[in-house]
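Protein chains: 2
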Amino acid sequence: MSRKGILTIISGFSGVGKGTLVQGLMNQYDGYALSVSATTRNPRDGEVDGVNYFFRTREEFEAMIGNGELLEHAEYVNNYYGTPRAYVEGMLNDGKDVILEIEIQGARQIKEKMPEAVSIFIMPPDAQTLRKRLVGRGTETAEVIDKRLKRAVEESEGIEEYDYILVNDVLSESVEKLHNIIQSNHNDSDRNLEFINKIREDVKVFSEGE
Amino acid sequence: MSRKGILTIISGFSGVGKGTLVQGLMNQYDGYALSVSATTRNPRDGEVDGVNYFFRTREEFEAMIGNGELLEHAEYVNNYYGTPRAYVEGMLNDGKDVILEIEIQGARQIKEKMPEAVSIFIMPPDAQTLRKRLVGRGTETAEVIDKRLKRAVEESEGIEEYDYILVNDVLSESVEKLHNIIQSNHNDSDRNLEFINKIREDVKVFSEGE
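Same order as they appear, the protein sequences are chains A and B. Numbering-wise, the first sequence is residues 1 to 210 according to my numbering. Numbering-wise, the second sequence is residues 211 to 420 according to my numbering.
Simulated from the structure, these hints should not be mistaken for laboratory data. It is possible that part of the hints are untrue.
Chain B residues, not near chain A, derived (Cβ > 12 Å throughout) [claimed, not checked]:
#	residue
1	Leu244
2	Asp259
3	Asp304
4	Pro325
5	Ala337
Simulated coverage check for chain A against chain B, where a stretch passes if three residues somewhere in it have a Cβ under 8 Å from a Cβ of chain B [stated by the list, open to error]:
#	segment
6	121-128
7	154-160
All residues carry an ideal CB built from backbone N, CA and C; glycine is no exception.
Generate coordinates for the entire structure from the input sequences, incorporating the hints supplied.
And the structure:
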């Protein structure tokens, strides 16, 4: 069976509980690792280079882009954020299933460079639930709510580009399903061509030897 | 989430334990149904029409072929065997995940007619284990063993055409993995386009209403 790790891209509506879900997966199961992003923003108190982020200067980051060292990158509020390919590939080669929480633009960039990555879009059980989460407890301004709902419309555009959707309803069940979806991909025949060929060759040798 | 059942094709080397695996799946989990084949062979003692097989005359069977009523069919030792489309589709529409144990020629015919079917090839942990199962306890003639090994070589030809491989080592673990592979496919975004579109429409309506 496939021993190389699988890169899993997690996207989903804001407020749908992606972070909690990924945290649950990491706590409950072995064999997973979180991707660590590179960024040009300044470290906040307590943030450690190589743990929370790889902190880089703008020049360093642009060199990484130029050298194709990033699986994806984007700029927000004058800072770069990106996913270092070497870090992810190192983890995958160690057999870790790497989890990467990211938005659709990044997901598209990664699928282009690593089509074997598995992508999962986290969904609310229904739109009403999502609305409640976005509208909150009525303490937000109309402007904030409006912005969130507009963002949700944008986020909903490319859902079918993802390999899977996962409804986040009961957390413990969702964590287990997320785990099962990722693990099932280890059984994908495309990920096991070496093993398949080995068995085929061995069977041929036996057959000729008898 | 997708409520329509999934048709799962199970193939694998003779002697690898496909039958036991499928039986374990049926015993341990709800929501599965076995496909029932049509055949022109005579019923054996205790076999019930519509349970073990749909027993048909040669004329009836050939009419089913002509009318496109079979997902696949083949002839062995002067008898036809085939998979009735209506029976399978009825089960799928009832939300049952239908299991069909079949050889590669049949698997190919089905994938052509129902590309959304999931196909799984059951593998031994290694070729040595397979060899032991095929060679048996030394009570078989060399001719029988030779025939089995040649068949195994043939069976090994098209493994990578299957969506998944599953190593049948520890039975209880294999049954659980089989279940997880099939269930993960319910999260396939292609199987949930209706749900995706519904959420997208609802979110749009909220956004415009605020």
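Taking the hints in turn, this is what the structure says about them:
no.: 1; hint: Leu244; result: holds (22 Å)
no.: 2; hint: Asp259; result: holds (36 Å)
no.: 3; hint: Asp304; result: holds (22 Å)
no.: 4; hint: Pro325; result: holds (16 Å)
no.: 5; hint: Ala337; result: violated (3 Å)
no.: 6; hint: 121-128; result: holds (count 6)
no.: 7; hint: 154-160; result: holds (count 4)
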